[in-house]
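Please construct the entire structure, taking both the sequences and the accompanying hints into account.
6 protein chains.
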Amino acid sequence: MALFPPIEYEAASPEVRAVYDDIRATRQSDFINNFWKVLANDPPALARTWTTVKEVMAPGALDPLVKELIYVAVSVTNNCEYCIHSHLSSARAKGLTPRMFDELMAVTALANSNNRLASGYRVDVDERFKAPFAP
Amino acid sequence: MALFPPIEYEAASPEVRAVYDDIRATRQSDFINNFWKVLANDPPALARTWTTVKEVMAPGALDPLVKELIYVAVSVTNNCEYCIHSHLSSARAKGLTPRMFDELMAVTALANSNNRLASGYRVDVDERFKAPFAP
Amino acid sequence: MALFPPIEYEAASPEVRAVYDDIRATRQSDFINNFWKVLANDPPALARTWTTVKEVMAPGALDPLVKELIYVAVSVTNNCEYCIHSHLSSARAKGLTPRMFDELMAVTALANSNNRLASGYRVDVDERFKAPFAP
Amino acid sequence: MALFPPIEYEAASPEVRAVYDDIRATRQSDFINNFWKVLANDPPALARTWTTVKEVMAPGALDPLVKELIYVAVSVTNNCEYCIHSHLSSARAKGLTPRMFDELMAVTALANSNNRLASGYRVDVDERFKAPFAP
Amino acid sequence: MALFPPIEYEAASPEVRAVYDDIRATRQSDFINNFWKVLANDPPALARTWTTVKEVMAPGALDPLVKELIYVAVSVTNNCEYCIHSHLSSARAKGLTPRMFDELMAVTALANSNNRLASGYRVDVDERFKAPFAP
Amino acid sequence: MALFPPIEYEAASPEVRAVYDDIRATRQSDFINNFWKVLANDPPALARTWTTVKEVMAPGALDPLVKELIYVAVSVTNNCEYCIHSHLSSARAKGLTPRMFDELMAVTALANSNNRLASGYRVDVDERFKAPFAP
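Protein chains in written order, with my numbering: chain A, 1 to 135; chain B, 1 to 135; chain C, 1 to 135; chain D, 1 to 135; chain E, 1 to 135; chain F, 1 to 135.
Derived from the structure by calculation, the hints contain no laboratory data.
Check before you lean on any hint, since a few could be wrong.
[Claimed, not checked] Here are some, though not all, of the chain B residues that point toward chain F, as calculated from beta-carbon distances under 8 Å:
id: 1; residue: A11
id: 2; residue: S13
id: 3; residue: W36
id: 4; residue: N41
id: 5; residue: D42
id: 6; residue: N79
Computed from a predicted structure; not experimentally measured.
Beta carbons are placed, not taken as given, at the ideal position from N, Cα and C, and that holds for glycine.
In structure tokens, the structure reads:
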């Protein structure tokens, strides 16, 4: 059980309602998930976190489904049950198929494996890999 | 410095050369990076790891650049310097732009943050998020 | 369910009872939590771990509540459900308020985020940050 | 070497300069550390991250030095070299002594240890530890 | 609940049955655990993962029980509940005693602790520790 | 460079020397590695950590080389460069061969991979795996 009770829309302060309204408008759905309802116990954290999520997960140089895949890969690596479920749900709404999920898991598992081989054998970074991006 | 000396093509056993040849053919490049040259000290591990990489990172339901992004997100989460550099190099060869990299970092950072908010507040998974995939 | 049954005071060996007695005296409470009751299946580990906890978590250059906050931040980062709950309980007994908890979560989440930005962009440590402590 | 060149104040866009100006004003120092100069290659990320750092690390229910300690504990747990150095520097400017640092390390190490004992033995959370906060 | 329904032998495709048959023959047991039944939703991943497990966990320079201990130490460090339980089961079948398990937990906890002391104090690697293996 | 200067034997306090003497006697070697010399800036931490290492890494139900393997597996998983090097050195002194190291890396990588498959697919723990140890 969460460490704070979830705050429902009806019981929320105007400050919290404003964030909930924006979540609903952005997602075009009335549903507010528990993450936000619990975080609403700290209204500035709610507002700050939602602003970041809205900005970072929006379409940009990467499309929103790709961003959800990246999010899930990190959440699986950290074994965050809540985030795996919530962002898989978002990913499915954006078109994730079972086969795409399987490949996401396979790449996530592989990277976690090879990260340890590279670190364990203390492999030196190849010179040609060190070139920075142009700004 | 790596815990084993890298094994160059010329000094490699036929078993190792066969893997190197396949890496070169698959990537259409003569370059063999240090990860493989060090892993070549354990020929079965070299063969097994390359087979998995070749299979998992190939085009499928997800395209190869998306797979590289997922790989980098995991490597950044685990702070594996070698893997960040090597797979960014692969990603750039597949079309990664600086702006895509920035967004990849932003999503990776956000997920690492929100994973801790969800775990720290012990947020309960919403019922509607628990629906399994159809097989 | 724990991998070993918890050992209650009444069923404990004198060696284990001595540790339980010290836990009770130190905490001025009869309550022994499950962590110790399960660890009691390995009496030397019980004694060693309790000695370390007693020494490390005692008032010193940092006050005990600050130490509990640090402990919880690590436990949230590692997603250890037991430790989050048990050390939040200790922290609350030492004066943790809901608003302090919110700020603890916010800092923990932020550090987890920025750790990945610094590692992902491979930011070089500024020279002025490298000055060691005087002994 | 960082994946993007650091952007110095003189070469920065007005958007980036505005953030640098606020960092300088908030910290009452002309120094801008590499983290911000590299992140400046993504101006919205720079602005967003700075806004969050400024808000989260400000005095509140927890004092700024305690927040730096929490930040360092997470960074040590994740082994982020840059963040350990940069936030130790901030902590020292706020009054961290060598003896406080030693205790910070001792608690961080202890929590990382006991997190694994609790998870490894699969210890059940005591009922009395599950009480949520009042909102 | 798993994200895909477990696939039972009777409902499995010939490709999946072939892997199940090999698991059964290798382990000399009819029991197929949930990990494989869920992974069977991605038959190439099932085959690839099983091939690797069979090869890596087989007797070699290290004996199979030692390999299970290493596997559990990693799983405890990552807090993977499934893997802790499944590989403890394997380890017990190979001779793990309660006292061996206690020592495994003690070493795992100690390494997690000292990893943070070494990283937090930024201890320099002693020159004599850097000698590579001969190939 | 370490955050505190290493404390050499000649400059050490009697309290620190007593620990150094015990390290030397236990290891039958005059060499004191940097980990201890840096930790010596906090004499109680030095004494406490050494006591734990001496007790936990001693021969018991598991032999000392097996304990070193477990220690390295954890250190590779956490990417602690210092600990990988120092405990590989100990392991080699106790008989670790290159082939044993290769297998240690292979199991460590595999566990890190499969931990994510189990967590990502949310595989349910099989009932028969949940049996606790008898005390």
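Notebook entry, point to check: Which earlier hints turn out false for this structure, listed by number in ascending order?
Noted result: Failing hints, ascending: 1, 2 and 3.
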